[in-house]
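Q: Chains as they are written, first to last, in my numbering: chain Y, 1 to 367; chain R, 368 to 864.
Simulated from the structure, these hints should not be mistaken for laboratory data.
Do not take every clue at face value.
Here are the computed lysine-lysine pairs in the BS3-like style, where the Cα-Cα straight-line distance is at most 27 Å [what the hints assert, rightly or not]: (1) R:Lys414 to Y:Lys15; (2) Y:Lys12 to R:Lys828; (3) R:Lys556 to R:Lys828; (4) Y:Lys358 to Y:Lys333; (5) Y:Lys108 to R:Lys556; (6) R:Lys416 to Y:Lys108; (7) R:Lys828 to Y:Lys103; (8) Y:Lys103 to R:Lys606; (9) Y:Lys153 to R:Lys606; (10) Y:Lys15 to R:Lys556; (11) Y:Lys103 to R:Lys593; (12) R:Lys416 to Y:Lys12.
So the derived list for chain R, only partly shown, Cβ under 7 Å to chain Y, looks like this [said to hold, decoys possible]: (13) Thr512; (14) Gly589; (15) Pro601.
It should be emphasised that the depicted structure is a prediction, and the values quoted were computed from it without experimental measurement.
Even for Gly, the Cβ is constructed at its ideal location relative to N, Cα and C.
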Amino acid sequence: MPEVRLVNVSKKFDKIVAVDNVSLQVHDGEYFSLLGPSGCGKTTLLRMIAGLVQPDEGEIYIENRLVNPFPPENRDIGFVFQQYALFPHMNVWDNVTYGPRVKAWEDKERERIGREMLEMVRLYERLDSLPSELSGGMMQRVGLARALAAGAKLLLLDEPLGALDAKIRLELRYELRRFAKDLKLTAIHVTHDQGEAMVISDRIAVMRKGKILQVGTPQELYMKPKHVFVANFVGESNFLEGHVLKVNKKESFIGLRGGLSVRTLDTAHGKSEKVVVAIRPELLIVKKGRERKVDSLFGQVERLRFEGANIRYEIRLENEEPITVIRPALTTKWLDVGEKVTIGFPADKCLVFIYPEKGLRAELALE
Amino acid sequence: MGQIFGDPSLISRATAAIYASFAIAIFVSIIDVVAGLPTAWLITRSKSKWLSVLDTLADMPFIVPTVTLGYSLLLFWSSPEGISSLFGGSLVSPGWLLIVLLHFAFSYPVIVRVMVGALLDYEREYEEAARTLGAAPLTADRTVTFPILKPSLIASFMLAFARSISETGATIMVAGAFENGPIFISKLKTAEQPGYEGALVFVSFILIAISCMIFAAVRLLGPRLKMPIRKVWPATERKLSSSGVTTLRNGATLLVFLVLVLIPSLFVVLPAIYAISNGTINQALMGVGIWQGYWQSLFLSYALGAIVTLVNTMVGLPIAFLIARRRMGAAFSAILDVLVNVPMIVPSIALGISLSIFWKNFAFMPEIGLLIFAHLSITYPYFVRSMAAAIERVNIDFENAARTLGGRPFTVFRTIILPLTKYSMIAGAIMVFTRSVSETGATLAVTKLKTAPVLLVEWVKGAVPATSLEIGLGCGILVVLSFIILLILRLVVRGRY
């Protein structure tokens, strides 16, 4: 099982920096995701690992072997494309056995692995079909079988579910992980869908503007984002701008706009420092009426949206700033629009970040 | 038609000529595809800035009228002033080999153009997928890229074939005593031996019939054609994909282009420049001697080209629209499509013979009318085809959107389709114009009027005494005028859309 290591890898296209000095290690047998908005450089990074793009600088190691000088065909990889890239002039069988064919494996071995892979993706009975006769989900399953049949132990997936319908996407994502784990592969999966990355990955690297902001398990990224962008891109967060009023060994008080203040357990930021307080909408508690207590804010429900399992309240705080609260839709009593409410603000669950140099909006921007 | 069967020498001449036509056309088309594909590859894949120059240069033989090309090649390969001077005497004397070289040179840009377009449209992802599955570049190309590009390869083969089978004027210039179909017909037509018409009809019919058969066969069998070798030799193919071999291939490609296409095609520039410096140009401009006829024929050629282009545009637009949008049903469109292609694939001189025999029954048809008709039928495929393809590329939703906004069909056509296909329309018009100005075969078949290329053929063949400087200048003027007209057309339609 291969391990993949990138050391200070950079790539420019004309004057645009696609990948900016990235170092990264993907462990043996890991299902690893590169997550980020479009244009963040994740696909370029993946294509560099595959050898489809040459890095301007830096080294790429697969199984401790420096692969920079090797063309894609000598890197022993499997690559799955967003638009499948199934050869249109070949049927399913010829597509899947293409790798063994160009590697001149023996006929028997080729037959065996072709059959095995097609059975695994449950398309053996369609081996005579042309790609144009298959549905999107089938095509991608063939694409996967083809990549695996070439015998690679490193699977690279470039937005493999991006072109599929929502339901198929949900089904296939678990299959991808299961196949990779069953065959003991190392997988690197590129996606812009944080939900997808969360459920299939052992670890995730969040990228923005050619750089990796944070690498961690889905739980780490969700619970302990190290960056405002990560807090927003993985899951969802409310952001309140303010400055540190008071800080002691256990806690700090952050002054918000309009004279409001909240308590946090953060002690890393000094007095008067400009900060951003982030809190997930599902961690906020909301109650009818106004009841002054510690760790609470007042507001008024502006809008509510029924999302199925959850209900989403958009609440205007006293200082006119908006805040979102998400509650279970079926097990809580709904609030009405216009209702005055008290929001319980859990001091132990909010995160405090230093205020970004270029402003909060610029820091959260996807492009 | 009786006397051709009663004259064994005539019939053996005719068969030999027909055989020569097809043998040369097939051979030339194959080597053209083999040589043109690497050039297109180089143009689309290499990152060097010089390649846009190569791209433009590759079009040169396309714009230059074929008779000029013929004379240029004749000078280059055969005359003591050309490359032969290096070898003492004539390197390639007029004959079948020179015809092959000529047809190779004028079909080459067609192949390059078609293949560049196909390569630009080709999804590189297929090739990348093959590479990630372990295929060396050569393996990926021959197992994935070429099969996917097969329709374009076949189309470019057919275009080269059609051009080779049709070309008459330049071929006459370089043929010497050798005869292919069109030369045989033109000789027979000029000699006007008693009862020659039967032989004309016979040869024309055979040429048209075999051309159509080949076209139909390629259409039917082409899609079933498989790449011959399925087996893969990974180590060997990897070696053949190495950068050394690639550099060698690119070098050979450029060499073939320079030595066999570009330099011979432009060689006529030398006598033309010399004619300018030694005063021949003054005689020409004053219209003294043979030049009077020259200017008349030039005027005839361009006037004819203009009329043909105008009529074709007006008649061709609705046909193109019908084909592209299948308004009359798919079957009708398919039939129309084939009908449109026929004049393109049959030898133009044979088509001309067929037209002139048809119109002979109608005494009211003036010679000039016949000439216009002949040029119209030869050139309209070029316009209709490029226009139909362009209309097909316009997303039908644009049309639907305009209709839902209240546009009537004609308004939609005028305000949406036409602006979006303007470039293809101009490209089609340019093709019609250059084709008409270049056309010799059909002109020879239907009239004794002399267009510029017909006149130049006569000069070269010595029917009118002309020096090589005069011929060179005559060709040069034709080239310069063609360029100017093209340039004006391009400037007129400039803009982003």
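Q: Take the hints in turn and mark each one as holding or not.
A: Against the structure, the hints come out as follows:
no. : hint                 : verdict
1   : R:Lys414 to Y:Lys15  : 16 Å, holds
2   : Y:Lys12 to R:Lys828  : 61 Å, violated
3   : R:Lys556 to R:Lys828 : 16 Å, holds
4   : Y:Lys358 to Y:Lys333 : 41 Å, violated
5   : Y:Lys108 to R:Lys556 : 67 Å, violated
6   : R:Lys416 to Y:Lys108 : 49 Å, violated
7   : R:Lys828 to Y:Lys103 : 60 Å, violated
8   : Y:Lys103 to R:Lys606 : 14 Å, holds
9   : Y:Lys153 to R:Lys606 : 25 Å, holds
10  : Y:Lys15 to R:Lys556  : 66 Å, violated
11  : Y:Lys103 to R:Lys593 : 21 Å, holds
12  : R:Lys416 to Y:Lys12  : 19 Å, holds
13  : Thr512               : 10 Å, violated
14  : Gly589               : 13 Å, violated
15  : Pro601               : 5 Å, holds
In terms of the numbered hints stated before, the structure departs from hints 2, 4, 5, 6, 7, 10, 13 and 14, listed from lowest to highest.
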